[in-house]
Structures are given as structure tokens and as C-alpha cells.
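Novice: Sequence:
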Amino acid sequence: MTGTSIANEIRRLRFERGEMTQQALADACGVTRQTIIALEAGRYAPSLELGFRIADALGVRIEDVFQWSRPK
Numbered sequence: 001m002t003g004t005s006i007a008n009e010i011r012r013l014r015f016e017r018g019e020m021t022q023q024a025l026a027d028a029c030g031v032t033r034q035t036i037i038a039l040e041a042g043r044y045a046p047s048l049e050l051g052f053r054i055a056d057a058l059g060v061r062i063e064d065v066f067q068w069s070r071p072k
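In case it helps, my numbering puts the sequence shown at residues 1 to 72.
Derived from the structure by calculation, the hints contain no laboratory data.
The reader is advised that the hints may include incorrect statements.
Ranges between beta-carbon positions, derived for each pair [to be verified]:
id, residue 1, residue 2, range
1, 59, 6, 19 to 29 angstroms
2, 72, 17, 29 to 39 angstroms
3, 72, 30, 30 to 40 angstroms
4, 72, 18, 33 to 43 angstroms
5, 50, 18, 15 to 25 angstroms
These numbers come from a predicted model, not from an experiment.
Just so it is clear, CB atoms sit at the ideal spot from N, CA and C, and this is done for glycine as well.
The whole structure should be built from the sequences, with the hints applied where relevant.
Specialist: In C-alpha cells:
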């Protein structure tokens with residue numbers, strides 16, 4: 001699978017929070033940096049639990065991080 005119908009604002013939100021590194025976000029969420037890289041690139045759709053962990057680490061609602069678009 002080369003993409004997902006779930007878009008995200010992870011990169012923008014990281015930078016709005018003092019340029020939080022991918023590693024710092026990964027550590028806060030209990031995943032690898034490679035997972036954050038894949039998420040930001042849109043190559044991976046997170047589990048619901050991981051979505052909530054990311055939102056919590058960024059201090060926002062899950063809706064502020066992820067957007068779903070209906071596949072065409």
C-alpha cells in the first residue's frame with residue numbers, strides 16, 4: 001500500500017510545539033522514529049490508540065491531527 005485515506009498534520013503540529021523532533025514524539029508515544037516518519041509521509045494509518053497517544057503528546061484533539069477522506 002503506497003498511501004492511506006487518512007491525512008495528518010503531525011509535522012506542522014510538531015514544529016508549532018518548539019520544533020519537537022520525530023524522536024521526541026516517538027518516545028512520548030512509545031513507538032519508533034520510523035513509525036513517525038511513515039505517518040508523516042502518509043504511508044501508514046495509525047491504530048486508534050496510537051492516534052490518541054499522538055494527539056495527547058501534541059496537546060491537541062485527535063481531530064486536529066488526523067483527517068479522513070472517503071476513498072474514491
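Novice: Each hint needs a verdict: does it hold in this structure or not?
Specialist: Hint-by-hint comparison with the structure:
1. 59 <-> 6: 19 to 29 angstroms: 20 angstroms, holds
2. 72 <-> 17: 29 to 39 angstroms: Holds - the Cβ-Cβ distance for residue 72 and residue 17, about 33 angstroms, lies within 29 to 39 angstroms.
3. 72 <-> 30: 30 to 40 angstroms: Distance hint for residue 72, residue 30 holds at roughly 34 angstroms.
4. 72 <-> 18: 33 to 43 angstroms: 38 angstroms, holds
5. 50 <-> 18: 15 to 25 angstroms: The hint (15 to 25 angstroms, Cβ to Cβ) holds, given that residue 50 and residue 18 are roughly 22 angstroms apart.
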